[in-house]
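K.L.:
Note that the protein sequences, when read in sequence, are chains A and B.
Quick note, in our numbering, the first sequence goes up one by one and the last residue is 402.
Quick note, in our numbering, the second sequence goes up one by one and the last residue is 350.
Worth flagging that the hints you see were computed from the coordinates, not collected in a lab.
It is possible that part of the hints are untrue.
As the list claims (entries may be wrong) - EDC-like mimics (lysine to aspartate or glutamate), calculated; alpha carbons at most 20 angstroms apart, straight line:
| no. | chain 1 | residue 1 | chain 2 | residue 2 |
| --- | --- | --- | --- | --- |
| 1 | A | Lys155 | B | Glu80 |
| 2 | B | Lys173 | A | Asp94 |
| 3 | A | Lys155 | B | Asp319 |
| 4 | A | Lys355 | B | Asp276 |
| 5 | A | Lys155 | A | Glu278 |
| 6 | A | Lys155 | B | Glu108 |
| 7 | A | Lys195 | A | Asp94 |
To be verified - Here are the simulated distance ranges between beta carbons:
| no. | chain 1 | residue 1 | chain 2 | residue 2 | range |
| --- | --- | --- | --- | --- | --- |
| 8 | B | Phe217 | A | Ser122 | 45 to 51 angstroms |
| 9 | B | Val329 | A | Val369 | 46 to 52 angstroms |
| 10 | B | Thr195 | A | Ser122 | 44 to 50 angstroms |
| 11 | A | Ala158 | B | Thr195 | 31 to 37 angstroms |
| 12 | B | Leu129 | A | Arg133 | 56 to 62 angstroms |
For every residue, glycine included, the Cβ atom is placed at its ideal position computed from N, Cα and C.
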Amino acid sequence: MTSLRQFWQSGPRRDPNTIAYTVLLVAAISFPVLAQVATGGNSSFIISVAGDAGVYVLLTIGLNVVVGFAGLLDLGYAAFFAIGAYTYAFLASDHGVVTPLHEAIHLPFWIVLLIAMFIAASFGVLLGAPTLRLRGDYLAIVTLGFGEIVPRVFKNAATWTSGVNGISALDIPSLPLWIQGPWAGAPFGIVRDFKIIEPLAYYVVMVILLIICVILVRNLHRSRLGRAWMAVREDEVAAAAMGVNTVAVKLLAFSIGAAFSGFAGTYYGAKLSLVSPENFGFAVSITILVMVVLGGMGNIPGVITGSLLIYGVIFIFLPQLPEYATGFVTSVGLGDLTRSNGDFPGIAEFISRLKFLVFGFILVLVMLVRPQGLLPSREREQELQKGTHEDTTIVDVNAETA
Amino acid sequence: MGTIGEAVRRRRSDLRTGLMGRALDIGLIVVVAGFLILLTTRVIDHGPSYFLQILAFAIANGGIYALIALGYTMVYGIIELINFAHGDVFAFGTFLSASLLPIVGLNEGEPFVLGSVFLLLVVFLVTMLVCGVLNVTIERVAYRPLRHAPRLAPLITAVGMSFFLEGALFLWKGPSNVHYPNILPSAGFEIFGATIGAKELIVIAVSIILVIALALFVDRSRLGKAMRATAQDRDAAQLMGIDIDQTIAATFFIGALLAGAGGTMFGLYYGTSVFDLGFSAGLVAFTAAVFGGIGNIYGAAIGGLVIGMIQSFWDGYFDSAWTQVIIFVILILVLVFRPTGILGMRVPEK
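All chains, please: the whole structure from these sequences, using the hints.
P.N.:
Encoded structure:
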């Protein structure tokens, strides 16, 4: 314990994130093996879930640029996610035949990925340009509205998007080359035109994409632009006085965040092979925000940890909780609680309804108790702490004069 | 604050009022005129009685939104925070009053007599007070500790509070629509073939009374004066001996009183509510507040009326599936063309 403490204290300038990155990387690489061992060979479901979790990790990395680096609140992040997913659905499926186009488009996944990023970023600029000239917090409500509108548009413009049914049977992404081996239950060899259909292949592609994204965002954070974001976040007027073009800088953060969301949306659509307007509601935006805030705004390993934690809780733990609760309640002899009674829907349903409440609670609690999050960014921690403890300095001044 | 910031801002406001500002105003007029022409053709198609009917709905709807918008604008005016939880306080008002009505003995299908008016008044008052206390509690717990924190912090707690309340309402009544006892008399009178119900008249009258009462309160009373002073310059107000915390709490309380009244009327008028009502209604009401010029009480009242009317007219004459989209487009257009709102009040910037 002391050696660990010494290690932390020995190098104040050492980046504590190095350890976090290493742990995350090791975990990502060893996860498929561990899952294989733990499930006794039937790991494909767990690895598939992990691939889905990767989508949320991508989303939090992107939202972290907006909320964590630039200090802007984006409440409609799921809208860009939807735009990315629908872009893939339009450009890589037979759906084009039933739209007024009467022509199916089949672009490769990797091309659409870039197109979707571009389209999502363009929407980000369109939305951000009028709003970011004004007050920062107007962005919150405008993005909230945008997040509400986009799924509605996809739902209502049924001639183009087939409405609530969504678009299904999207193309399976493929790679020109892929190395096969015993880990996939096949002999060594190189496969040409490899279809990414196995959960493990998805997982591997996801991890590679994530590594690329983390390196990109980390470099952005350390660039001139990253410092400009920090300046704008801390004091906009001062940043403007120092020659930072605040509107352009904020707009860049917002549209880069949107691009990430579009990117994640494309991946999500390809994995699910289905897009539907129901999957991109406000709850998704809030989920991502909770992940960023809980993990630690502005710190990349922090938000990754936050997203994995929250993903585990809401997609793995919470869905099973009602069952456990029913079992527990019955075993302690309160069997009445399992039945619905008036407004009380029964313990199982009651617990499955707790999600919203818990999310709101986490947001408030984290901001009040530990605004820097679980794995904080150093600069952000100082900033947020300074804010909450400003009153104490006034008390000190009084004590001195007395 | 700094003189540089002020210079930048002056430069910007020059831009707004100069040639650029005029061009933007013309743009707004063109957009509005386009909508009005489209609407007029539809109105002529459908005949006058339909128009009058829709107009009555529209004004009642606008009255309710005005009450919600006032809460947003007051809070924004005084501490520059978008109180996301406000819409959910309103939704809580609908739920609470729906439960209170049977308790005081007002049930569906019973004749509405003079005694019922008194009972309904009790429901109104209790709902308003509970909403007020709820909103003050929210302020105390979630916003006051973060008053000196970076702006992002209270915004996030506001969203969290909104989600928390929504979750609580969800736990209370579940995901389906909540039936609201229909106790108001369905009587009405006919005018040019349109039926103007007693419901519309009651909603409109209560809205007008509350807005006037609020305006008088803010204009005349000591506390109203303190609120205006705090909104203008919090530090100077504090030096003048105004209790800032108390004034801000009072603002939240009064805003929520109106939301509670609005919630009760929404339930009585539409006969239904749902746990995430506050989300959509809050978005519309905030649009109304921005439309009227945020921070401006008259602006919020007029904005609420106009936005509520646009909503009803769109529902009546166009495809109602697109109504939310239109409201949001209006929000963007106002922000692009006239960020200070129709009354042209400055956003209090500090």
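K.L.:
With reference to the structure, classify each hint as holding or not holding.
P.N.:
Results for each hint:
1. Distance hint between Lys155(A) and Glu80(B) is unfulfilled; the C-alpha atoms sit about 35 angstroms from each other, more than 20 angstroms.
2. Distance restraint check for Lys173(B) and Asp94(A): the Cα-Cα separation of roughly 42 angstroms exceeds the 20 angstroms cut-off, and the hinted pair is therefore not satisfied.
3. At most 20 angstroms may separate the alpha-carbon atoms for a hinted pair to count; Lys155(A) and Asp319(B) meet this at roughly 13 angstroms.
4. Of the pairs offered as hints, the one joining Lys355(A) and Asp276(B) holds, with about 14 angstroms between alpha carbons and a cut-off of 20 angstroms not exceeded.
5. This hinted pair checks out: Lys155(A) and Glu278(A) have alpha carbons roughly 9 angstroms apart, not beyond 20 angstroms.
6. Between the alpha carbons of Lys155(A) and Glu108(B) the distance comes to roughly 36 angstroms, so the proposed pair goes past 20 angstroms and is violated.
7. About 18 angstroms separates the Cα atoms of Lys195(A) and Asp94(A), which keeps this hinted pair within 20 angstroms; it holds.
8. Our hint of 45 to 51 angstroms for Phe217(B) and Ser122(A) holds, since their Cβ atoms are close to 47 angstroms apart.
9. Between Val329(B) and Val369(A), the C-beta spacing of about 39 angstroms breaks the proposed range 46 to 52 angstroms.
10. As the Cβ distance of Thr195(B) to Ser122(A) is approximately 49 angstroms, the hint placing it in 44 to 50 angstroms holds.
11. The given range of 31 to 37 angstroms is respected by Ala158(A) and Thr195(B), whose C-beta atoms sit roughly 34 angstroms from each other.
12. With their beta carbons about 41 angstroms apart, Leu129(B) and Arg133(A) fall outside the hinted range of 56 to 62 angstroms.
Of the numbered hints stated above, those contradicted by the structure are hints 1, 2, 6, 9, 12, listed in ascending order.
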